[in-house]
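K.L.:
Chains U and X, in that order, give the protein sequences.
For the first sequence, the working numbering gives the first residue as -6, with consecutive numbering after it.
For the second sequence, the working numbering gives the first residue as -6, with consecutive numbering after it.
There could be a bad hint or two in this list.
[Claimed, not checked] Once the Cα atoms are required to be at most 16 Å apart in a straight line, the calculated EDC-like pairs of lysine to aspartate or glutamate come out as:
# : chain 1 : residue 1 : chain 2 : residue 2
1 : U       : 153       : X       : 54
2 : X       : 38        : X       : 64
3 : U       : 9         : X       : 54
Hints are computed from structural coordinates only; laboratory data are not their basis.
Number of protein chains: 2
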Amino acid sequence: MKQKVYLNGEIIPREKATIDIEDRGYQFADGVYEVIAIYQGKPFKLTEHLERLVFSAAELEIECPPLEKLEQECQRYLASTDYSQQNGKIYLQLTRGVCSRTHAYPDGLESVLVMKAGPLGEKPESYFKEGVKIIIRPDERWSRCYVKSIALLPNIMAKKEAKREAAYETVMERDGFITEGSSANVFIVEKGTLITPPATNYILKGITRQTVIEDIAPQKGLEVKEESIALTRFLAADEIFLTGTTTEVMPVIQVNDKEVAKGQVGDVTQTLYQAYRQLTRSQ
Amino acid sequence: MKQKVYLNGEIIPREKATIDIEDRGYQFADGVYEVIAIYQGKPFKLTEHLERLVFSAAELEIECPPLEKLEQECQRYLASTDYSQQNGKIYLQLTRGVCSRTHAYPDGLESVLVMKAGPLGEKPESYFKEGVKIIIRPDERWSRCYVKSIALLPNIMAKKEAKREAAYETVMERDGFITEGSSANVFIVEKGTLITPPATNYILKGITRQTVIEDIAPQKGLEVKEESIALTRFLAADEIFLTGTTTEVMPVIQVNDKEVAKGQVGDVTQTLYQAYRQLTRSQ
């Protein structure tokens, strides 16, 4: 099937999907987004993702279609793609709209909604079985990370740095405390208890993070605490793992050049990872 | 004359100027920009603006044409617009390029260069003669403000807040010290000496800021110091003014609900403003 893209209510051929040079998303990073995993044609936690989009848009006063409409449009678009029967993902972006360039946004602009489906981008099995390396860098981002905005320049620079260091992810540290990865949340395990930084303004409240906290940990009888994690505590943890839509539950066995968690995928992480697989592949 | 836009070497009708939905500028704020004032058909400080663009691009590892080429293209485009004989401005944006969405940017992408000319947007004379109000808000931006990137979401939110409060600009404060406005630098005057925050990573080194420091202040025999300015010191200054390409040299007479500088445009600010007018309108 030829690739198709959703643009403002229309489903069009990929190559025709262009936006105006004065779309505020292009000139000001004035927009929000979501990435939704599709398993066997079914979006995972679609409502949660779209609720967060509505929330992010509201925080920035961007006009946003109501949740029900977003759900319908997402499903309608999905049905027109290659991913209506298989694994994939949908990238969804909502920008404030098009106007003559000016910082202070005019009220009442018509927002621009784009969706594009693609392969899920599952990570190699070895990452989950053997664990990955991360690096730690200062958190250079703005102070409203709880909004899932397209102002991702600090994130991409951090991710590139990770790649350069042959690491899976850069985990960021602000004032001595761990915040999150450039595109993933972070957890540690201490004596069987899961600990993750609280969802302050410095953190994006990830859907996979919430799935671990609200669905999987209770199901497995694991306690979860939301606590600030100092860098020293982080490095001394029994286990470390990352969560994210395509990161799933990813064990970490090396931080910078230092082995953590005895260089092995811990039991708790493995349990969570398997439960996450089960949950997502059997919906 | 019909509006024309520069897009990757071609000068095309405005309505045809679109970019791909997977331009990284649109999905990640992965780009840099400049706004260049045109006075009577001549770009002001063109080389300085383009040198800064080259610098910003290098900081982000974005492929950038060499300075000479940028100058030529800018002049060639300008000659095709309405602004080759009158006042105007050129907005110039360089993004990393187009690729399938992924945080860590691939090396060797072909960058995308867009230019669009428009009216200069001169501010009302009364702003300069009578002074303007500003508001102070916490600086929510990332820690690499010295790069002139299109990741301007915090800036537009700050500017909108100013508009809502019937103010000209939001000046930002980080850890008790003034940094800059959402689209302007800031100076104070103490006993005839100009003081402005040093060009650290928290500040964009404005071309108008440099023009005041390097051209106008020496010409007028005024001393300039680059010093951190605590909020209390800021509020007690004899005079306060903003600088920027379209802000020019803008006197401030009110901060939040408090009158500053006795509510009058100070002599030093007036001198600088007149000198800036002279410099820009008589090149």
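K.L.:
Look at each hint and say if it fits the structure.
P.N.:
Results of checking the hints against the structure:
Of the supplied pair hints, the one linking residue 153 (chain U) and residue 54 (chain X) holds, its CA atoms being roughly 11 Å apart against a limit of 16 Å. At most 16 Å may separate the alpha-carbon atoms for a hinted pair to count; residue 38 (chain X) and residue 64 (chain X) meet this at roughly 11 Å. For the hint linking residue 9 (chain U) to residue 54 (chain X), the alpha-carbon distance of about 29 Å lies beyond 16 Å, and the restraint is violated.
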